[in-house]
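Colleague: Spelled out, the chains give:
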Amino acid sequence: MKYQNEMKLRFPSRSANEAFARTAVSAFLAQLDPTVEEISDIRTAVSEAVTNSIVHGYPDCVGMITVEAAIGENGWVVIRVKDKGKGIPDIAKAMEPMYTTCTTGERAGLGFAVMESFTDRLKVRSTVGKGTTVIMEKRIALRDAQKDQ
Amino acid sequence: MSLRIVTQGEEVTAFLSGEIDHHTAKGMREEIDGCAVRQKPLKLVLDFREVSFMDSSGIGLVMGRYRLMQELGGELRVTGVPSHIKKVMRLSGLDKLAVMEESRPRKTTTPPPHRQPSEEVQEALKEEQPSDSMALSKE
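Residue numbers (numbering that gives the first Met the number 0), protein chains in the order written: chain L, 0 to 148; chain U, 0 to 138.
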């Protein structure tokens, strides 16, 4: 896909950056004039992916997370959240709703379920010991003015 | 993110506001749990009407409080869920746990209706007002 615009953010895996990441991505995608629901879906999906990197990618240390967003053709946006953390040994298992490695009972295990439900396409690539990349694609409905461009 | 906890008899209501994510959920959890464990209410209500954002960390927050209330022998209720949060709630199946309530009406203290002074008082007030033609001068 050829990108009309793109951005990249890099920040440490501190939980205070969860809000920053989702707000930055939604600010970047505002140029597409998304609906309130579309922006809410994107914010939530980004928040889930970043939180996963912080909680599971770097559970015992602080590492770097990269968030990229790109605007393609016909309203398609691609968001990538990458870490160089622990990696996921069994991706299929990790993506099962309610599955969580958390033992405190405070995590719902719904991160991937939310990402899958709130975006149009979800891909997860991971290697144990090397890191994880989550790729989400969503089509923002184009307004009439944008269609003519 | 802010939290306001109100106790009314055997019921404790936690009014959540702002954004609920992994970062903010921890603080909310500690404050709510501290209160619930101290007071052991029959019912803990989580009021979401001022929540502007929530991801699945908020679901974890509710689930954790549900478990806590079960341990304490009480009930959990979730109320005031705004439409933009309902999607996440429905995805989690929280609505099937039968803890969700419709929004409770906000208790407002309406000020008493403005009372006009009686005609006699109005007349008296008029007499006291200096008329425009009277000049204030030092004499």
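Treat the hints as calculated values from the structure; they're not laboratory data.
Treat the hints with care, as some may be off.
Straight line, CA to CA, 30 Å or less: simulated DSSO-like cross-link-like pairs of lysine-lysine [said to hold, decoys possible]:
#1 U:K85 x L:K129
#2 U:K42 x U:K85
#3 L:K7 x U:K42
#4 U:K25 x L:K85
Some chain U residues well away from chain L (every beta-carbon gap over 10 Å; in silico) [to be verified]:
#5 L2
#6 T12
#7 S16
#8 L41
#9 I58
#10 G73
Just a few of them, taken from the derived set where beta-carbon distance is under 7 Å, the chain L residues facing chain U [as the list claims (entries may be wrong)]:
#11 N73
#12 T102
#13 R106
These numbers were taken from a predicted model, which means no experiment stands behind them.
Glycine is no exception: its CB is placed at the ideal position from the N, C-alpha and C atoms.
Colleague: Does each hint hold? Answer for all of them.
Modeller: For each hint, the structure was consulted:
1. Between U:K85 and L:K129 the alpha-carbon distance is near 36 Å, which puts this suggested pair outside the 30 Å criterion.
2. Between U:K42 and U:K85, the direct Cα distance comes to roughly 22 Å. Compliance with the 30 Å bound is thereby established for this hinted pair.
3. Among the hinted pairs, L:K7 with U:K42 is inconsistent with the structure: their alpha-carbon atoms are about 46 Å apart, more than 30 Å.
4. Restraint check: the Cα-Cα separation between U:K25 and L:K85 comes to about 23 Å, which is no more than 30 Å; the hinted pair holds.
5. In this structure U:L2 is separated from chain L by more than 10 Å, as the shortest Cβ-Cβ distance comes to about 16 Å.
6. The beta carbon of U:T12 sits about 21 Å from the closest Cβ of chain L, which is more than 10 Å, so the claim that it is off the interface holds.
7. For U:S16, the shortest C-beta to C-beta distance to chain L comes to about 14 Å, beyond the 10 Å cut-off, and the non-interface label holds.
8. No beta-carbon of chain L is positioned within 10 Å of the beta-carbon of U:L41; the least distance is around 22 Å.
9. For U:I58, the condition that its CB be more than 10 Å from all CB atoms of chain L is violated, with the nearest at approximately 4 Å.
10. Non-interface call for U:G73 relative to chain L: holds, since the shortest CB-CB distance, roughly 17 Å, exceeds 10 Å.
11. Proximity of L:N73 to chain U is violated relative to the hint, the smallest CB-CB distance being about 24 Å (cut-off 7 Å).
12. Checking L:T102 against chain U: minimum C-beta separation of about 12 Å lies over 7 Å; hint violated.
13. Because the closest C-beta pair between L:R106 and chain U is about 5 Å apart, less than 7 Å, the hint holds.
Checked against the numbered hints above, the structure breaks hints 1, 3, 9, 11 and 12 and satisfies the rest.
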